[in-house]
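2 protein chains.
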Amino acid sequence: MTLKQIWQAAMLCVAMVSFEGYAMAEGKTAVDMVVHGRYVVTMDGAQDVIENGAVAVKDGAIVAVGTDADIASAYDAAESISGENRVLMPGFVNGHTHTAMVLFRGMADDLALMTWLQEYIFPMEGRYVDPAFIEVGSELACWEMIQGGTTSFVDMYFYPEVIAGVVDRCGLRAVIAAPMIDFPSPGFKGWDDSFAAGVKFVEDWQGKHARITPALAPHAPYTVSKEHLAQVAAKAKELGAPISIHIAEDKAELKTVGDKYGITSVELMQEVGMTDVTTVAAHVVWPTESDMKTLAASKVGAIHNPTSNLKTAAGIAPIPAMLAAGVKVGLGTDGAASNNDLDMWEELRLAALLHKGAGGDPTVVPARAALNMATKGGAEAVGLGEVTGSLEAGKRADMIQVSLDSLRLSPLYDVMSQLVYAAGARDVVTTIVDGKVLMADGKVLTVDKDALRAKVKAVADKIRADLDAKKQ
Amino acid sequence: MTLKQIWQAAMLCVAMVSFEGYAMAEGKTAVDMVVHGRYVVTMDGAQDVIENGAVAVKDGAIVAVGTDADIASAYDAAESISGENRVLMPGFVNGHTHTAMVLFRGMADDLALMTWLQEYIFPMEGRYVDPAFIEVGSELACWEMIQGGTTSFVDMYFYPEVIAGVVDRCGLRAVIAAPMIDFPSPGFKGWDDSFAAGVKFVEDWQGKHARITPALAPHAPYTVSKEHLAQVAAKAKELGAPISIHIAEDKAELKTVGDKYGITSVELMQEVGMTDVTTVAAHVVWPTESDMKTLAASKVGAIHNPTSNLKTAAGIAPIPAMLAAGVKVGLGTDGAASNNDLDMWEELRLAALLHKGAGGDPTVVPARAALNMATKGGAEAVGLGEVTGSLEAGKRADMIQVSLDSLRLSPLYDVMSQLVYAAGARDVVTTIVDGKVLMADGKVLTVDKDALRAKVKAVADKIRADLDAKKQ
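From first to last, the protein sequence lines are chains A and B. In terms of my numbering, the first sequence has 102 at position 100, counting the first letter as 1, and numbering is strictly consecutive. In terms of my numbering, the second sequence has 466 at position 464, counting the first letter as 1, and numbering is strictly consecutive.
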């Protein structure tokens, strides 16, 4: 090595060291947003809670989760959201709802099932459900979900293409399932056209929108024949699309399926090939022990809807046994006609309370387990486990901030207990989906509230006049 | 009659007519306040709902309830509170709580009963409960209740004279029951001194304060001997004071009482003379059919605490059967250590939902029945039926306004359904007790929130340090 070579080598070293030093000081990774939390409830596998933590977001995805200091040392954010006295956590996954039914909220309560369905729900759906109704109802539902901290939902209602348009605009993430049923329903004469439209909906939307997953929704084993269920399962497998269906909701369903086929609803799912596809099975109130094993070994997620199951008197799902069996369990509100709102906080709390009292064991469904069903576990149950449900690098940035400002939330000894047993939708101040802020400081940014109010009033006035006429 | 006499008579007529006209125009009855409601949910016997109605208040009492037009034509109000898009209804009666336990909110959840009591509640009570703790805890509880629309409550906790001072200042109505127990407890060595102090508390406060009713609180049939229960019943009868006690809360209690006396807890109440006195029996989760008949024929009110009964796994009280049997049933939150808040809206909703699902009948405990338990029925169950619980002339003016502004509460088809199944504490904007406004436009006027926050923090920091040390 000549002197010149040594000199050149030395200069190269200096340059490299300088460049690295420069990069370390100035070249933090640029991200779009850092969101902070006094407590960051990650809901990752270990269910870590980070005090004074933050999440870095780029291109709608979570880049890193750590302490404020860790994130500050590694990332430069274009935008920062303060976490002072706030919990930062994943948004809720509402695993089962019928969004536009919010327009029937409180229309018919405390009635026997058949009176409710045949004198209220079915006639009113027949009379009012059209694309305009769905547009208004879905927008109201989305507003309510954003406001209450839900970031993803699984929907099953008429005119899914209209729902998809609303979801696109309002910014939520959704699995939107096209309804199929053997009987006439809004827009359809029966099975064939509802099935064809559902398939077309999936083909139209699949892979087209980052936040929307189209799906097929055969209504239930008592309203869709075995052959049609098999047809859906085959088509879902072919398309790679998920299914959403009501399963084992009440004893009447079990009897109908048992009388007709001599098996349980879950066994029917298995027989038609539905357990091999990502299937969101709503309710599952009455699984046998064998059904639970089948579900645990399948691609099916079960959605627990405690408020709806109580209100319609369907029963109390054996959630502790299902969790012990390894069934993927999520939480849902069901439609507002049997709830009467889309508040996942109430489901979270009720899920934590109900099974203790019903089963005589105060240790079952602890706060952490309930929170898991509403977030990570729920995302896994609806086939979005890779995408959302926890604050982990690589997942999409779907998260909420919960204010701890109210004296109702003091003292605070355990943040997860406080979230489950004392906090509520009113404490949510920020909702972010796919890295986009949908609600800031309690104000929903993607829905024109005044215009929505007027549209809701116009629909409701007509329905109310109808109900008043009925009463006379 | 001379012309002059005729003239005089005519003038007299004119004067009389004028005077009457003047009196009609100007001489309406003067009242202190008229409070309006878009809907006035009276909870009177007929459960009338008045659209565009109002309540006139004078000297803390309800003078009249009617339409806006009726009230305007008959009463002149010094103060008027707008009812635009608001429901006006009676405030809630929280039939069973332990107010200061809010300071233990979320301290120990999801635990087996004995772990919870012996490792957390009892040691922490022993270490922290003193008059200063009670002062802070009761103030936090009163703030929370005022904010959520509770106007009366039945309390059972240590240092009742301190609680009474807080209730006096914050403006709520309360039955404050002095705790008595056979074992050492904060401030007492055992039965004799706790009994003596309880009797003294009743003597000190009885008839002295318009909003405070002192009472005797033997803890439960498994912590107070039969002889001591009889002693309390006799003393309550002698003093004309009510009793508050835990009864038939869980199966373990039934077993203890059964093993010891060969009878049920309700039979024990009857045997010691407690059914002849106004007694607030908290829980009553496990009454026999015969117990229900006994209660129905007695002066005992049963308080249903659905959240607490689920959370502690006590069980599900047979509320539809109890109502059918004619038992006076009210609603309560229990203490925040087993809830974890004092939100009567959650109890209201849960009471309406739970028994439908547990009993398989969606028509039981309809919205109206749940609302009745939280208001008029609850007042009757705790011995305040003449005083509060409904909007009727002659009762004290204990009422709340619930805003219907949120889109969550639209559409509105049935106001009672909306209150039970969709509204919540966050919608309460006005709380009035004994004719005094305790909260206006969502702001509690009788508690210094910032000072309270600092006091709560000081207590909580000590408890948290203790809990952290325990974990290590």
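It should be emphasised that the hints constitute simulated quantities derived from the structure, not laboratory data. A portion of the hints provided could be inaccurate.
Same chains, same names: a pair is fine if it fits in one copy or spans any two.
[Stated by the list, open to error] Below, in silico cross-link-like pairs of lysine to aspartate or glutamate (DMTMM-like), each with a Cα-Cα straight-line distance of 20 Å or less: (1) K438 <-> D416; (2) K464 <-> D416; (3) K473 <-> E240; (4) K464 <-> D132; (5) K30 <-> E163; (6) K210 <-> D407; (7) K473 <-> D50; (8) K30 <-> E240.
Do the hints match the structure? See the list:
Within a single copy, K438 and D416 get their C-alpha atoms no closer than 29 Å, and across copies no closer than 37 Å, so neither meets the 20 Å cut-off. For the identical chains of this complex, K464 and D416 are inter-copy neighbours only, at 15 Å across copies versus 48 Å inside a copy, given an alpha-carbon limit of 20 Å. Neither within a single protomer nor between protomers do K473 and E240 lie at most 20 Å apart by alpha-carbon distance, with minima of 49 Å and 53 Å respectively. Proximity of K464 and D132 under a CA criterion of 20 Å is satisfied intra-copy only: 14 Å inside one chain copy versus 59 Å between copies.
Taking CA atoms no more than 20 Å apart as the test, K30 paired with E163 passes in neither setting, with 43 Å inside one copy and 61 Å between copies. In this homomeric assembly, K210 and D407 never come within 20 Å of each other (Cα to Cα): the closest approach is 41 Å inside a single copy and 38 Å across copies. Taking the closest pair of Cα atoms, K473 and D50 come within 20 Å of each other only across two copies (16 Å); inside a single copy the shortest separation is 55 Å, beyond that limit. When the C-alpha separation of K30 and E240 is checked against a cutoff of 20 Å, the pair qualifies neither within a copy, at 45 Å, nor between copies, at 79 Å.
Checked against the numbered hints given earlier, this structure breaks hints 1, 3, 5, 6, 8; the rest are met.
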